[in-house]
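Line by line, the protein sequences give chains A and B.
Here the first sequence stands for residues 1 to 224, where the numbers follow UniProt numbering.
Here the second sequence stands for residues 1 to 255, where the numbers follow UniProt numbering.
Everything labelled a hint here was simulated from the structure, so no lab data went into it.
Any given hint might turn out to be false.
Among the chain A residues that face chain B by a calculated CB cut under 8 Å, a handful are [what the hints assert, rightly or not]:
#1 A125
#2 A128
#3 A184
#4 G185
#5 Y222
Glycine included, each C-beta is placed from N, C-alpha and C at the ideal position.
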Amino acid sequence: MRALDVEYMWDLVPVLLGYVPLTLFMALIGMFFALILASLMAVERVFRVPVLDIFVRLFISFFRGTPLLVQLFLFYYGLPQVLAFLTTINGVTATIMGLTLHFSAYMAESIRAAILGVDRSQWEASQAVGMTQTQMMGHIILPQATRVAAPTLVNYFIDMIKGTSLAFTLGVTELMGATQKEAAGSFLYFEAFLVVAAIYWIMVEALSFAQRHLETYLNKAYAR
Amino acid sequence: MTSKAAISIKGLNKSFGDTSVLKDISLDIAPGERVVVIGPSGTGKSTLLRCLNYLDRPDSGTIRVGDLTVESAKASRSDILALRRRTSFVFQNYALFANKTARENITQALITVKGQSKQGAATRADEILRETGLIDKADSYPAALSGGQQQRVGIGRAMALDADLMLFDEPTSALDPEWVGEVLDLMRRVAEKHQTMLIVTHEMQFAREIADRIIFMSDGQIVEQGPPEQLLENPQDPRTKAFLWRVSKVAVDPY
Chain A
1 MRALDVEYMW DLVPVLLGYV PLTLFMALIG MFFALILASL MAVERVFRVP
51 VLDIFVRLFI SFFRGTPLLV QLFLFYYGLP QVLAFLTTIN GVTATIMGLT
101 LHFSAYMAES IRAAILGVDR SQWEASQAVG MTQTQMMGHI ILPQATRVAA
151 PTLVNYFIDM IKGTSLAFTL GVTELMGATQ KEAAGSFLYF EAFLVVAAIY
201 WIMVEALSFA QRHLETYLNK AYAR
Chain B
1 MTSKAAISIK GLNKSFGDTS VLKDISLDIA PGERVVVIGP SGTGKSTLLR
51 CLNYLDRPDS GTIRVGDLTV ESAKASRSDI LALRRRTSFV FQNYALFANK
101 TARENITQAL ITVKGQSKQG AATRADEILR ETGLIDKADS YPAALSGGQQ
151 QRVGIGRAMA LDADLMLFDE PTSALDPEWV GEVLDLMRRV AEKHQTMLIV
201 THEMQFAREI ADRIIFMSDG QIVEQGPPEQ LLENPQDPRT KAFLWRVSKV
251 AVDPY
């Protein structure tokens, strides 16, 4: 057993931190689009729009039923062979696409469950005062569902941050790819991956801290 | 908020599965009239109210509010919306918007449904909160209010809509006894404004005092109706007699 090269690890930290923005960029953009897509699908699933419902269920089934890595390879290596306009897709875009579609499928189900969990009295009161369905969803149901779904959605976001490391397999030099390159140069694999693990861990912990504040904020209407 | 529209209900039927809950109900209500519906549990009183604003869709029948006629066979989404916008509803379980403060519960529909300005809606809400004695709770969320306070906000929310018909579905049944009085007081105040009211309640004393007419319902039908003194003191139908005898017994000897 050899001693840890602590000095190497310290030197590696600023190098790898330089890749954190790209990781966060992919995760944030992915989360943004995934939330929109998931909310739309969740609302659709609640109201069961004819025909559309079949496609949404198929979509959710596929993206939950296959590994993220398989989906990423499908987008990046596979699809451009059949759809010519995709030949220029780069690894970052393909990763964001993959993360968006993959996680939107999971999130749609959580949001749907949260919507259905909103007490029946809230739907009836909205209808009784004469709101349209859109007004009811926008002002009463979705805000209340958000509170219920928030912890789960933050969980998916955490998963998504870590999922960006798969961009490495599409040739993107992001946090994981950069670590791999550094380690291959120094042969200090243990030190390098230990540092990158710590960076992911700290990012997620920071997010968990933010989550507690978010939940306090969302719960303010329910404090007795 | 003097109501001007007359209400006319014709041939209302509603079944849940094989159970017929409303059987051919017809009923006219004059503007400003206060009608109280009494009767045993499970006889369709609440369903009648819920059919009048389509929270439950009637299987057949026509509801007319002023110049608006909604026929269940061909009621479109916009018909239903129009009907709901001419009625207001007070729920047994209050059903306040849990994510909105007391004030917002009142302003919400004024802004989104009636298109009033935020400023105007807030002014109106504060008037109502003052009237209901809840102005100091304006910024409280429902979870922080007592049952009686929540129901007073619920009534305030309905008052603000200035509807042609206010529907009250057992507004005091879910309340602890100590809060019943304040809610009934507020309903008396609403009644003083010649608001048309249709009230389902088990508070017989209150019914006697506030009603222009009492309707006794049993098994999905209107069995008997008339002015309070007539219906309560000189009921004609044996079912009415039996029901009144039972509730009077409960009133004298609750245990």
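Hint by hint, here is what the structure shows:
1. A125: holds, 4 Å
2. A128: With a minimum Cβ separation of about 4 Å from chain B (threshold 8 Å), the hint on A:A128 holds.
3. A184: violated, 53 Å
4. G185: violated, 54 Å
5. Y222: holds, 5 Å
Of the numbered hints given earlier, the model fails hints 3 and 4; all others are met.
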